[in-house]
Amino acid sequence: AQSVTQLGSHVSVSEGALVLLRCNYSSSVPPYLFWYVQYPNQGLQLLLKYTSAATLVKGINGFEAEFKKSETSFHLTKPSAHMSDAAEYFCAVSDPIYGGSQGNLIFGKGTKLSVKP
Amino acid sequence: EAGVTQSPTHLIKTRGQQVTLRCSPISGHTSVYWYQQALGLGLQFLLWYDEGEERNRGNFPPRFSGRQFPNYSSELNVNALELEDSALYLCASRGLGGGNIQYFGAGTRLSVL
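Protein chains in written order, with my numbering: chain A, 606 to 722; chain B, 1392 to 1504.
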């Protein structure tokens, strides 16, 4: 079955430091991949998506992610963390049964990012 | 443009009761998805409705059910509530464009006592 693994349930960085959140997926076909962010007591907001175009994807708020097929990874990065980046981040993949362009999303367990002043 | 709206925001029920959660998708979106976010279990897919039909359901018992109305809004019903049903229930909608981009509402927080 399709799965998504996020390494590290908690990540802490200093303000201004690099943010790196890891995501690995299992898929036998090219996947559609997503990163979402969830602030406390809110729903999910889409940060960026990979849908088999450019392997380096730029999203909102200065985040970007690189699709690496050989490593089955889609890690999220941001060069310089801001206090406002503190939130929980979820990596997700479209269920490949439906070809990726529709169907439910399969989520990783999430990574809570803390940003220290 | 209004986003995905869910009601109510919070709900408190007791074991054995029934509950109905509501979701209005973004205008023009025809697909609605329901997800459960329970403490320690992460985000799990519940149900997918498209054009009024149930297209897929996740690994949940039959007491979780729902429907989609002609205006594409949706209801999630949970019968015979159990303590472990306490969770944030998120609704998402998707338009006809490619890429399976799902837009989420703020969720309904259900507490079962």
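Hints in this document: simulated from the structure, not taken from any laboratory.
Treat the hints with care, as some may be off.
What the hints assert, rightly or not - Computed, partial: chain A to chain B, Cβ under 8 angstroms: (1) HIS615; (2) VAL616; (3) SER619; (4) GLY621; (5) TYR644; (6) GLN647; (7) GLY648; (8) LEU649; (9) LEU653; (10) THR656; (11) PHE668; (12) PHE695; (13) ASN709; (14) LYS714; (15) THR716; (16) LYS717.
No residue lacks a Cβ here, since even glycine has one placed at the ideal position from N, Cα and C.
If you test the structure against every hint from before, which numbers come out violated?
1, 2, 3, 4, 5, 9, 11, 15, 16
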